[in-house]
Every structure is written in structure tokens, then in C-alpha cells.
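K.L.:
Place chain B on chain A using the hints.
Residue numbers (my numbering), protein chains in the order written: chain A, 1 to 670; chain B, 1 to 142.
These are calculated hints, taken from the structure and not from any lab test.
Don't take every hint at face value.
[What the hints assert, rightly or not] Calculated lysine-lysine pairs in the BS3-like style (CA-CA distance at most 27 Å, straight line):
| no. | chain 1 | residue 1 | chain 2 | residue 2 |
| --- | --- | --- | --- | --- |
| 1 | A | 654 | B | 31 |
| 2 | A | 451 | A | 419 |
| 3 | B | 54 | A | 310 |
[Said to hold, decoys possible] Not close to chain A: a few residues of chain B, all C-beta gaps over 12 Å, as computed:
| no. | residue |
| --- | --- |
| 4 | 11 |
| 5 | 66 |
| 6 | 69 |
| 7 | 95 |
| 8 | 99 |
| 9 | 114 |
| 10 | 115 |
| 11 | 125 |
[Unchecked claim] To give a feel for the contact side, a few chain A residues facing chain B, derived at Cβ under 10 Å:
| no. | residue |
| --- | --- |
| 12 | 377 |
| 13 | 636 |
| 14 | 647 |
| 15 | 650 |
Ideal Cβ placement from N, Cα and C applies to all residues, glycine included.
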Amino acid sequence: MLDLSEFRDIFLEELSEQLQTIEEELLALEREGGTDAGIQRLFRAAHTLKGSSAAMGYAKLKDLTHEMEHVLEKLRNRELQISQQLASLFFEALDGLRQLQSEIVHHHTEQSDMADTIQGLRGYTASTSPPPLQAPPLLPYEIYQKFLAAQDKKRQLVWLTLQLSEHCEMRYARFQIIERKLDELLELIWREEDGTGPTDEASEASRSARWLVSTSLTAEELNELASALMDVEQVDLELAQMERLQTQPEVIVAEEETILPELVVQAGRGVRQDTAKAASIRVNVDRLEQLMNLVGELVIDQTRIQQAGKILRQRFGPDEAFDEFSQLSDHLTRTVGELQESVMKVRMLPIEQLFNRFPRLVRDLSIALGKEVELILEGKDTELDRNLIEEIGDPLIHLVRNAVDHGLESPEDRRAAGKPVKGSLRITAAHEDDQVSLLIEDDGAGIDTDKLRQAAVNRGVMSAAEAAQLSEHDAVQLIFHPGLSTAAKLSDVSGRGVGMDIVRNDIERMNGLIDIDTERGRGTQFKIRLPLTLAITTGLVITIAGRTFILPMSNVAEIVRVEEAAVRTVNGIPVLTLRNQVIPVVHIHRYFGYPEPADSGRYRPLVIIGRAEKRVALAVDELIGNHEIVVRSLGPYIGKVEGISGATILGDGKVALILETGGIIKMITR
Amino acid sequence: MLASAVEQYVEFGVGGENYAIRIADVHEIIKLQDITDIPNCHYYVRGVINLRGKIVPVISLRSLFALEESEPTKASRIVVVAHANDAVGLIVDHVNQVTLFSDIQPPPERVGGISGSYFVGIGITSNGLVGILKLDEVLIQS
Numbered sequence: 001m002l003d004l005s006e007f008r009d010i011f012l013e014e015l016s017e018q019l020q021t022i023e024e025e026l027l028a029l030e031r032e033g034g035t036d037a038g039i040q041r042l043f044r045a046a047h048t049l050k051g052s053s054a055a056m057g058y059a060k061l062k063d064l065t066h067e068m069e070h071v072l073e074k075l076r077n078r079e080l081q082i083s084q085q086l087a088s089l090f091f092e093a094l095d096g097l098r099q100l101q102s103e104i105v106h107h108h109t110e111q112s113d114m115a116d117t118i119q120g121l122r123g124y125t126a127s128t129s130p131p132p133l134q135a136p137p138l139l140p141y142e143i144y145q146k147f148l149a150a151q152d153k154k155r156q157l158v159w160l161t162l163q164l165s166e167h168c169e170m171r172y173a174r175f176q177i178i179e180r181k182l183d184e185l186l187e188l189i190w191r192e193e194d195g196t197g198p199t200d201e202a203s204e205a206s207r208s209a210r211w212l213v214s215t216s217l218t219a220e221e222l223n224e225l226a227s228a229l230m231d232v233e234q235v236d237l238e239l240a241q242m243e244r245l246q247t248q249p250e251v252i253v254a255e256e257e258t259i260l261p262e263l264v265v266q267a268g269r270g271v272r273q274d275t276a277k278a279a280s281i282r283v284n285v286d287r288l289e290q291l292m293n294l295v296g297e298l299v300i301d302q303t304r305i306q307q308a309g310k311i312l313r314q315r316f317g318p319d320e321a322f323d324e325f326s327q328l329s330d331h332l333t334r335t336v337g338e339l340q341e342s343v344m345k346v347r348m349l350p351i352e353q354l355f356n357r358f359p360r361l362v363r364d365l366s367i368a369l370g371k372e373v374e375l376i377l378e379g380k381d382t383e384l385d386r387n388l389i390e391e392i393g394d395p396l397i398h399l400v401r402n403a404v405d406h407g408l409e410s411p412e413d414r415r416a417a418g419k420p421v422k423g424s425l426r427i428t429a430a431h432e433d434d435q436v437s438l439l440i441e442d443d444g445a446g447i448d449t450d451k452l453r454q455a456a457v458n459r460g461v462m463s464a465a466e467a468a469q470l471s472e473h474d475a476v477q478l479i480f481h482p483g484l485s486t487a488a489k490l491s492d493v494s495g496r497g498v499g500m501d502i503v504r505n506d507i508e509r510m511n512g513l514i515d516i517d518t519e520r521g522r523g524t525q526f527k528i529r530l531p532l533t534l535a536i537t538t539g540l541v542i543t544i545a546g547r548t549f550i551l552p553m554s555n556v557a558e559i560v561r562v563e564e565a566a567v568r569t570v571n572g573i574p575v576l577t578l579r580n581q582v583i584p585v586v587h588i589h590r591y592f593g594y595p596e597p598a599d600s601g602r603y604r605p606l607v608i609i610g611r612a613e614k615r616v617a618l619a620v621d622e623l624i625g626n627h628e629i630v631v632r633s634l635g636p637y638i639g640k641v642e643g644i645s646g647a648t649i650l651g652d653g654k655v656a657l658i659l660e661t662g663g664i665i666k667m668i669t670r
Numbered sequence: 001m002l003a004s005a006v007e008q009y010v011e012f013g014v015g016g017e018n019y020a021i022r023i024a025d026v027h028e029i030i031k032l033q034d035i036t037d038i039p040n041c042h043y044y045v046r047g048v049i050n051l052r053g054k055i056v057p058v059i060s061l062r063s064l065f066a067l068e069e070s071e072p073t074k075a076s077r078i079v080v081v082a083h084a085n086d087a088v089g090l091i092v093d094h095v096n097q098v099t100l101f102s103d104i105q106p107p108p109e110r111v112g113g114i115s116g117s118y119f120v121g122i123g124i125t126s127n128g129l130v131g132i133l134k135l136d137e138v139l140i141q142s
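In isolation and in its complexed conformation, chain B is listed as follows:
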């Protein structure tokens, strides 16, 4: 399914590349906070946070995309997305903007070393290409 061209997206950066998620899927964007790590869990799961009384798992997109982990900076954010009635936080390097894509291309087999199956498509903007994430695939429990 190709995303509609008039939909709004939240664009963010992870490891020098830009990615986007449909704004309808984004619950909220919060600053990095204390994360309680969970032993013997998936390598990309950083742990859980207390989001106003709710326990929300947080995963690192850098780990998931097999990028080198970096120290969190002031710009680091957790993008909390809705997933199957639950909330899941994604750690990103920085959040850029809310954007529209005039043109969305189907994803190639690989996007900068990352499997194309993670993407709905590639959004074209004046600043370059943005990988639009397919949440169902990103949040699949392997």
C-alpha cells in the first residue's frame, strides 16, 4: 500500500539518515528519560519507561537498523507510537519536522543497508530522500 500523498508525516533522523512515520501513528514525542533496562530481552529493546503512569517499552532504532549506538544528546527524543492498542517508544537522534511528501516512491530492496521491508515507501523532499517506516514491520516481535 502506498501512503497517501496528502498525509502528514513526522520526520526524524537516525544515524545520519532521515525517516518518517505517519502523524496519525504518533502518540507523542518526549525527551529522553530514565529507561529501566530489561535483562535477556531483544537486543534492540532498551527497556521500559513510565509515561504518566503507563509502562511503555522503548526500542532503539539504531540497534534495530544495526547502526552503531551513540551517546544520547540533547536532541535525542523518544517518538511514542501507537501499536496494536499499545504504545511503544522509538529512540531517535533528533526530530526534524512535520512534513508532506509530494512524491512517494516504492521502496527499493535495500535502503542504505537496511532491508526494504521496513519501509512503506521513499518520500522525496527538496532536502533529499526520507524512508517512510512501516510500523507493523518495525515493531514485529521476532
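Only chain A is shown next, with the shape it has when bound in the complex:
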């Protein structure tokens, strides 16, 4: 038998791409009722998957995609119509496909039974077609032609809205008469059939109707003409915009079975995409990692060469050969620098990868919670290190869940508060200097700081007096306290108050920062700042008890030198007063089991680390300087060490540990 294992990876990549396409199209289908082009893309994705899973021998995938293809074909041929129910069935099928995908990845076989899902789809096609899902009102084809013709004749297209007087009886009949009259005087293109129009017997109560007319009359003439009609109380004119109508031709063209040009365009587009793809190749992640490691080693070797050069020069004095050597070394430095940057860029991915997960997540959440949410994603192209994209995924998902669950109010509450019923959730990614910023904004109720204070008191975090004394800003920060959650009742969606402190820890582990801005009744904004990459960072090299350590520069707020006398002791804790802020001074020696430094009576450097409300001054023996460092993990054997985030190899070939600010602050506050 043919060994297919080498094709498995390729198949899996294709599978996840197609599943992403299916998800995007399904969301669009549900939101907008679906276009022929969209259904065609869905059909093509299902069809492609059916073929490749059959070739790979994945029978369940094949059966399920076959059934989807079958339903989509009926949709395409207008034997079926889109409905909420059908959209849900498709989502269910998508989940099934994803389930099979994960089983193939982890167990190399399909395990779950998809018979129910397949039966669901099959049952749907057998049943009668349910009503369409809020299909947008469309211009019938011949009317669209008239519309275009009118445009060609340079006539104006005007929406004419007539309102009958309050006293007019038998409005339906009146509208019929008016319409006939209008038809004589103007060229009527279309009347709006949204229930307010005159075509419906039930609309007896409706007082206004709207027509699309093509005319060479001026607005004034038109107004005069319409006002003269019997019982017409008010006339509104609005120039019709081509753009407003242009969303519809797609469907209209299809109705006339002139679908071919559309498909040709599609095919053309597809071909162009394929050629664009040919310019890039897929690379296994492990190979990239390997490349990055090798570059890391080059960086280190290169710094060592530089140092060795310096030592040789000191020892043997100036010499032509040394000049040549240092020139070469300088050139090597530049080349290695550029190489490092290029490799970094290769590892960068657009955040789109992560953003693509949100539309479905928000859809499911809003259905589960009975909320209406408009999700706006901006800055999809923002690139960051693929490791970071992986790491930031969970915290971001948590924030999104929180925003939909706790941030945005129910439609009733929003209506009562005079807000749009549909809540908005905006996620924005952007580059700022050498960092990536992520904003998660909702226009919900904001954070109730009184509830947070109350929760803090109830859980024994602080006394009622302390809670009352907190500034508004500090009270908001309570949300990051382990075990505090403001949700009045717990829900399945965002858990049990174990969230925000973990979110913050995750972000700080990536050397990032998270900030909150919230206003009662107006909404909440979370701002996350992350370094572009986890692998290479600027570090402050320091020594403590004869050992060299690195502090990530992103964690360093300030470096000060003070006399030892400036450090006072309050309640047994050494503190430093800096610009009216009292900052505890940490001698890490104690926590790391190093001998205490002798009181030299001299000036002593202190490095202020940590975030605004929780700063500490780290007492160090010596400041060496700033260096670009390649961050390495200590490996699985050593595992996690409190206060240490990793290690790096210095220019002299020795290993230096990288201090982790969050861990240090945790150690000393215990």
C-alpha cells in the first residue's frame, strides 16, 4: 500500500486552511444571508476537502464534506434557502470537521462518529424549505436594467417618499391611485416592498410609501407635482445613490442565469491568488526555530570574537593584522545583525491568524448569552512573532469572553440606558515604536468599582475602611486581584473569577503590560503592550553577589544611585522615597540565598522595576550596561524557577540568568 504519511502534513495544512474559509463564509452567510459567490466558495471548499480526504483515506471527513457539498449544491441551485437553522447545522458540521481534524493530528485516526451531524444535514434537505433568513430586499432584474438605463440617459434617480394626511381613509386604495398617477407623470422604477408600501392589504394603517423614480424634473418641480396629489401631506426627496444598490447585482445577475461572467471573474481571481502563493513557500516551524537558534549562536560567537580581539590588542599592542581583524569583526557584527533581523522577520506572522478565531467565538457567545454584539477587528495585518501570537491567544480570548459576558449589557438594559441595542466590541492591533499594542474595547457598562470594593472586603482582601480609601484608579486595579470577579452570578462563559490575574501574569511573562481604562456606563478598554519578539530583547546587565544577571529593559522603569543612608526602614522594610513615592528596596540576596553584601557606606545603584502601582527598587552591586540578548529557556529539566524567566549566553561565553520582575515582586510580597 502507498505510504501516505508524508502527505499527511500537507493534507492537514490544507484542511486547516479550508476549515478557516468555511468558517469565514458561514459567518458571512449567517450575517448577510449569503451571496452566490459566498455559497460558491463554501461549495468549493467542501468539494476540495471531500476529494483530498478521500485520497487520504479519511472516510468520515469525506462523508461529512460530501453531505455539506450536497446541501450547498441545492443552495446554489436555489432548491433550498438559507435559514438560521441551516446555518446552525453547517456550524455543527464545521465543529465536526474540526473534531476530526484534531483527532487526526493527535491520534492519526478519525474517532468520533459523525452520523448524527450527517443525518441532521440530510434531514434538512428532505424537509420543506423554511423561510429565508432576512434576505435583503433586492431589485428585480428588469428593474435593475431600468435603473442602469436611466443612469445612462443622465436622468436623476430619486427616492420619492409620500406621506398621507392623518385624516385620509382607505390609504391602501389611495396609494394605488397615486401610484397610477405617478406612473403617468414619471418613470417609476421600483416601489419599496418592506411592509410600509402600498402593495400590502395589511398596511392599511401605514401612512407613507416610497418609490424609486427616474426623472429629468428638478427637485422643485417634482415636489410641486407630488404635493398636488390628493391627500398627500408630506413629500420627501432623496437622490438615489448607485452605491446603495450596487450590493445587489450579484444576485440579480444570477437570477437571470448569466452566472458565467461572475464565475469567470472568480476563476480569474483564483488563478491570480495561486500565482501569488507561488512566490512563498511553506516552512516547517521546527526548521525556523533551528535557524533562529543558529543565529542566536552566531550573535554570541560574534560578541566573543569582538571581546577576544580587544584582549589581543591590549596584550600585543596595535598592529596591522589586528586592524584587519577588527574591521572584519565589525563587518561580521553588521552582517550578523542584519541576518538576525531577517530571521526575525521570517518568524513574524500577521495577527490575522489569531483574529480569525474571534468572529465565531463572539457569535457563539452572543447566542449563548442572548446579546447582540458587533465585532470590529482592526489591524489584522499587524505582524508579530509567531511565538507571541501563540502565547497571547488565551489571554485575548479571555478578555473577549469577559467583554461579551460582563462588559456588554443585555439588549433590554442597553435600550433602557438609551444605547444602541447592538453592543460594540472592537479589537485593534497596531505597531507602536518597537512594540505591539492591542486594544480590546467594549461600549458596555464599564467596571463597577463599588462592587469590586465590596468583593474585596467580602473576600477578606482588605478592610472596609481600606477599600473606601482606594482611589477610583486603584479600585479598578482590584480586578487583577486573584479571586475577585464582579459578575453577579457565575456563568459558563467567563469562569469563576480566576481570570484577570492569570491574564495579567501571562502578559507579564511575555514582558508585556496590561492597562485598564473604564468609565461607568460608557465601556471598558484593555490596552496590552507586547514586545515584537520573545526571542531577542535588550537587557540590563547587572551583578548581584558576584553573579551576573539580566533585567529585561522593558521592565526597568528607572535607575537611581542613592547613598545607603537614603534608604530608611519603615516597619522593618527598607524603603526609598523617590519623588514622594515610597518604594520598597529589595535585596534579592536574601531570597536567592546569597551572602548579604557588606554595608560599604558608598553610593549604591538601585534599579526600579515593576508597574506603576507596584514598584520595587532592586539593590544591585554593579551596573554593567545594556546588551542585546538571546533569550533561552532553562529547559524542561530545571523547569520553572521563581524570579527567573530564562537564561542567556553572554559575550564571555558564560550563562547569565534573566530575572523575572513579576516573580520577584511576588516573592517579596509574600
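P.N.:
Structure of chain B alone, referenced to chain A:
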């Protein structure tokens, strides 16, 4: 599992006793070098070293076997072994030789004050007994 009698072993000394590791598990043997200590880590972990650009943890077999620490000598070596896709260095007093064992006995409950679970077996040589280390047990993360 008893080790095969024809396999080669690296034999080394720690605290007056001789031990051995299957040569297939030994990555390389290097001289003692600068070790960066790691605070608040397991008592037997000496720290990490830079092994040609790789960060490799180093543990002291003397500490692990609850023997008194001794000053490193010129003969001290780090035996780098492969462990679960990673390399780990073991500090030993001296490396003796690569050897074959004609006879391997199952380990007793205790081997000179050290739990028998650390050993695959006891190799018999003309110079005496050699404890063959069970790496999975020695490198277990407790």
C-alpha cells in the same frame, strides 16, 4: 530490564565508588567549567553551563547520593547524558574507562547507602563491583 552483557559502558568514580552508564546514553565528557548557579532549585542541581551555545543543566552526583561535597580536582569531569531529548550534565570525580561487563547482577535493595532503585544492575569486573545507573531514575524530577 537487565542490561545486555555485550554493551559498552562508561565507568566513572564518585566518592570512592565506581559507577557506569551505557555508552549509548553518553553524549560527551567535558572538563569542569564555569557553572551558573540557579537559586531556589533542587539541592543537587549545581546550575547551568554553556555547551557550545546550548544551555545544559548540571547536577552533582555527590549531592544526589547524599555524599559530602568535595572540591573539584583536575580529574573532575562533567558526563553529559541524553535525557528525554535534552542534555543533562553529571559531575563525577573522575572518569575511568570504557568497559564491558561479563556479568551483571540485579541490584540489591541498597548499594553502599544509596537506594537500589537508582541502578539497573551491578556489573562485576576484575577490579570490583560497578553500579550501573538507571538514568530515568537518577534524572527524575522530584
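K.L.:
Could you run down the list of hints and mark each one as holding or not?
P.N.:
Cross-check of the supplied hints:
no. : hint          : in the structure
1   : 654/A / 31/B  : holds (15 Å)
2   : 451/A / 419/A : holds (23 Å)
3   : 54/B / 310/A  : holds (25 Å)
4   : 11            : holds (24 Å)
5   : 66            : holds (20 Å)
6   : 69            : holds (16 Å)
7   : 95            : holds (22 Å)
8   : 99            : holds (27 Å)
9   : 114           : holds (21 Å)
10  : 115           : holds (20 Å)
11  : 125           : holds (31 Å)
12  : 377           : violated (38 Å)
13  : 636           : holds (6 Å)
14  : 647           : holds (5 Å)
15  : 650           : holds (9 Å)
Hint check: a violation occurs at hint 12 only; the rest are consistent with the structure.
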